[in-house]
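In this text, residue positions in the sequence shown follow numbering that gives the first Met the number 0: the first is 0, and each later residue adds one.
Derived by calculation from the structure, the hints in this document are not laboratory data. Since we're looking at a predicted model, the values are computed, not measured. Note that CB positions come from ideal geometry on N, CA and C, so glycine has one too. Each hint should be verified, as a subset may be incorrect.
[Stated by the list, open to error] Per label pair, the in silico range of CB-to-CB distance:
1) Lys-156 with Gly-16: 16 to 24 Å
2) Asp-73 with Glu-33: 37 to 45 Å
3) Leu-123 with Glu-31: 20 to 28 Å
4) Thr-118 with Thr-144: 30 to 38 Å
5) Asn-99 with Gly-71: 29 to 37 Å
6) Leu-49 with Arg-74: 36 to 44 Å
7) Met-48 with Gln-5: 32 to 40 Å
8) Leu-44 with Gln-117: 37 to 45 Å
9) Gly-108 with Gly-154: 22 to 30 Å
10) Leu-44 with Asp-105: 33 to 41 Å
11) Asn-32 with Asp-73: 24 to 32 Å
[As the list claims (entries may be wrong)] 27 Å max Cα-Cα, derived DSS-like pairs, lysine-lysine:
12) Lys-112 with Lys-27
13) Lys-27 with Lys-159
14) Lys-156 with Lys-14
15) Lys-159 with Lys-14
16) Lys-156 with Lys-27
17) Lys-14 with Lys-27
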Amino acid sequence: MTNLYQASVPIAIHKLGNLKHICQVGAKHVQENELEESALTSFRLYPDMLPFSSQIKIPTDILCGMTARLTGNDRFGLNDDAASFDDLIARIDATVAHLNEQNPDDYEGTESKTVTMQTPFGELTFTGTEYVTNFVFPNLYFHITTAYNILRHNGVKLSKLDYIWGG
């Protein structure tokens, strides 16, 4: 059986590559159209939704939390001040570097490990497999989709292939 390393880390790295590409297209759009960068990085689809920058920060945080929760290793820290496209891309790169440093052996047996976490909605408890499939990945895809949609809403030329394959 494939352990949770194989079922999570390579997929997360691929999806972060797509997210980085989406950010790069957004940065290029800002430059080519002489726009204020914060018009995109702080844009919200709806007033009670989080801005574009949070759509990058949250999945990178979730993935760093995943590695710590599953392996028991120290949580990798990220710069929470990221606001520009360059900062957000650097945050993605730092997360990918962290994921690339993961030791697959640290994930052995984590499929059935109990993962408990506090959320604003209360305590959630999962097995390792449930945590990856029912919390980590849905959040990862949700925030990548929202980042994509924010940029598309603002006229950035992105296609379905940018989302799926990263260009």
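Is Lys-112 close enough to Lys-27, meaning Cα to Cα at most 27 Å?
-> violated (43 Å)
For the pair Leu-44 and Asp-105, does the Cβ-Cβ distance stay inside 33 to 41 Å?
-> holds (37 Å)
Taking 20 to 28 Å as the hint, is the beta-carbon distance of Leu-123 and Glu-31 inside that range?
-> Given about 43 Å between the Cβ atoms, the range is violated.
Look at the Cβ atoms of Leu-44 and Gln-117 and judge whether their distance stays inside 37 to 45 Å.
-> violated (27 Å)
Would the pair Lys-27 and Lys-159 pass a check requiring their Cα atoms to be no farther apart than 27 Å?
-> Status holds; Cα separation ~18 Å.
Pairwise beta carbon distance, Asp-73 to Glu-33, judged against the given window 37 to 45 Å | Given range 37 to 45 Å: holds, Cβ gap about 43 Å.
State, for the Cβ atoms of Asn-99 and Gly-71, whether the hinted interval 29 to 37 Å holds or is violated.
-> At 19 Å between Cβs, range violated.
Is 30 to 38 Å right for how far apart the beta carbons of Thr-118 and Thr-144 are?
-> Taking Cβ atoms as reference, Thr-118 and Thr-144 lie about 20 Å apart, which means the hint is violated.
Outcome for the supplied range 32 to 40 Å, where the beta carbon pair is Met-48 and Gln-5 = holds (34 Å)
27 Å limit on alpha-carbon distance, applied to hinted pair Lys-156 and Lys-14 = Given pair Lys-156, Lys-14 holds - Cα atoms ~19 Å apart, limit 27 Å.
Hint says 36 to 44 Å; check whether the CB-CB distance for Leu-49 and Arg-74 agrees.
-> violated (21 Å)
Sort out whether Lys-27 lies within 27 Å of Lys-156, counting only the CA atoms.
-> holds (10 Å)
In this structure, the hints that do not hold are numbers 3, 4, 5, 6, 8, 9, 11, 12, in rising order.
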